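Heads up: the sequence lines are chains A and B, in that order.
My numbering puts the first residue of the first sequence at 1, with every later residue one more than the last.
My numbering puts the first residue of the second sequence at 1001, with every later residue one more than the last.
Hints are computed from structural coordinates only; laboratory data are not their basis.
Do not take every clue at face value.
What the hints assert, rightly or not - Computed from the model, here is a short list of chain A residues facing chain B with C-beta under 10 Å:
| # | residue |
| --- | --- |
| 1 | Glu-11 |
| 2 | Leu-107 |
| 3 | Asp-132 |
| 4 | Thr-138 |
| 5 | Ser-143 |
| 6 | Lys-187 |
| 7 | Gly-217 |
Note that the coordinates shown come from a computational prediction; the quantities given were computed from them, not determined experimentally.
The C-beta atom is built at its ideal place from N, Cα and C for all residues, glycine as well.
Below are the chains, spelled out letter by letter.
Protein chains: 2
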Amino acid sequence: MEQKKPTMLSEIGEFGLIDRLTSNRKLVHTSSIKAVGDDAAVIDAGDHCMLVTTDLLVEGIHFNLVYTPLKHLGYKAVSVNVSDIYAMNAEPRQITVSIAVSGKFSLQALEELYSGIYMACDKYNVDLVGGDTSSSVTGLTLSITAIGVAKREEIVYRSGAQTNDLICVSGDLGAAYIGLQLLEREKAIFEKDPSLQPDLEGHDYIVGRQLKPEARGDIIKLLKEHKIQPTAMIDISDGLSSEILHICKNSDKGCRIYQEKIPIDHTTALMAEEFNIEPLICALHGGEDYELLFTVPLRDFDKVKELKEIHIIGKVMDKEENALMVSSGGNTIQLRAQGWDGLAER
Amino acid sequence: MEQKKPTMLSEIGEFGLIDRLTSNRKLVHTSSIKAVGDDAAVIDAGDHCMLVTTDLLVEGIHFNLVYTPLKHLGYKAVSVNVSDIYAMNAEPRQITVSIAVSGKFSLQALEELYSGIYMACDKYNVDLVGGDTSSSVTGLTLSITAIGVAKREEIVYRSGAQTNDLICVSGDLGAAYIGLQLLEREKAIFEKDPSLQPDLEGHDYIVGRQLKPEARGDIIKLLKEHKIQPTAMIDISDGLSSEILHICKNSDKGCRIYQEKIPIDHTTALMAEEFNIEPLICALHGGEDYELLFTVPLRDFDKVKELKEIHIIGKVMDKEENALMVSSGGNTIQLRAQGWDGLAER
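With the hints as constraints, model all of the structure from the sequences given.
Have a look at this one:
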């Protein structure tokens, strides 16, 4: 008799798993407007909608406490959740924070963590309204849920991109990834010879992008001020390439992006060269930038091009045109998702 | 120079920690009606309120996969969250499910877990609308957030108990705890000699109460049908004694409960005797019963006493009268919280 071999999670990846576990379920409540498959779930609340998103941060997977100050970790944990609310064009309002901690943590360590959480609450104007605390067998796990509000007609999904829309990205990309490489290198040096202190001087920007990312609520505000309503939006947590493909897939479209338009800070580029990594690779597949990737109608071109923090990097195409990047040399390259996979073997 | 010794979490306990980390914070949004300190947070949503609660389940702390079928675990994880929504006299609507899993889990194992989650979704009529998946360094962590709705005037807090109110509890208590003792005993026997198979026969009730608890939505429905609005309510996750003290503290009241009125199933009592544990101790401090503990005005006595699944176990007193239990012998005993502490050393 043949026994079926169990399928390992690393074989199917995070999105494959979510697909397998959550497809073919019907929603029973009319208030469940949008379930799995966007940056946040959307729940009808009468004259407006509530948005709900949740993220896990696991020690040894998402962060390493050797070089992550607890205060920064708390701040980042809130930022990454709030970022998902902004990515729906909504305003964050509340968060819940659950933590599982091993006995090695003291009250003072957790107060440090919470000082970062509260700093982010102040920054993003959200209330901490609940949570859970538990022991853990090893290390620290943080589970944060963010709740936001928006008018129903203002919510922006991944699925709304239209052919000829402009593809835009805020800020710059790849810095968080290359900052992580630097931190990992300095950690390795320190572990070999503890008398050598980490040399992070002059690298504040890329290290800060990794350890204390900001959610781009300012971009949402800017777009509103200029009366620009994106047609599709997502935040960049897994890398530009992966996120563009989400918009294309959900909108049933293709795209053309231009290598030379992808914003990369010069400090990112310099450090990438030091590591012998193409800066472009950091931007496409690095992830953790928490910038916003969105599409706007072509008619908004004049408005968008004036906005300093926003870069037009390409346009939406019909599906048949595929998802391609035009390189600086003029070649076209198929975009692939090679970014962060929460279930990849490490 | 004197260095301050770090405070270990086990010294201050779960409620002490929550208090230290969350007190002295002001809420900035008027929509944040109730934050930390009840079974769920309450958020104003216009013509109704949304309730949000979240619970962590950590392998090795909250469950042991040696005797916990993954399907049961999935079901229980939803039950315990939904139970917190019912405890606010609200209706559950949506859940999010986040999981961190180590590489030892296969797709098939997670499908088993989700079959239990979906079984509970069907039972409690909730939609799964989101979540997150991640690797973990060790074992399985589940983080579930449940969202419910209620009219503002229907929500029942822990703080509403009035002097002379009746104290009521649904179902029976202590079974989940003694079921756990039985499972632990059989596990220990099996580990010593794997040729001895676990003997759980005839103990379906207590084992089921531990592995697959039900949230008491039927009680909420029953109370509504009989137009009984509790003045205060909480679900019993940490043991009757601890929960009564929460109501007393939050309502600024005392209480008198009567030992002989505390509902204990005969199978619970028999197994407790086998373990040389007072059945009363299981009920007072065992926890994980997920029954509802609530107070109702004295005028509802005639209505409540007819309801089979509800037991009147005492009454609310002025604060100065303390929180006491009258034993079967007529002695009074001070109630103490000795139930589950998520941060106790194990």
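Hints and how they fare:
1. Because the smallest distance between the Cβ of Glu-11(A) and any Cβ of chain B comes to about 8 Å, under 10 Å, the interface hint for this residue holds.
2. A hinted interface residue such as Leu-107(A) counts as satisfied when its beta carbon comes closer than 10 Å to some beta carbon of chain B; here the least separation is about 4 Å, so the hint holds.
3. Taking 10 Å as the C-beta contact cut-off toward chain B, the hint placing Asp-132(A) at the interface holds, the least distance being around 5 Å.
4. About 5 Å separates the beta-carbon of Thr-138(A) from the nearest beta-carbon of chain B, less than 10 Å, and the hint is met.
5. This hint holds: Ser-143(A) has a C-beta 4 Å from the nearest C-beta of chain B, less than the 10 Å allowed.
6. Restraint check, Lys-187(A) versus chain B: the minimum CB separation of about 17 Å is more than 10 Å; hint violated.
7. A cut of 10 Å between beta carbons decides the hint on Gly-217(A): the least distance to chain B is about 14 Å, and the hint is violated.
When held up to the earlier numbered hints, the structure conflicts with 6, 7 and fits the remainder.
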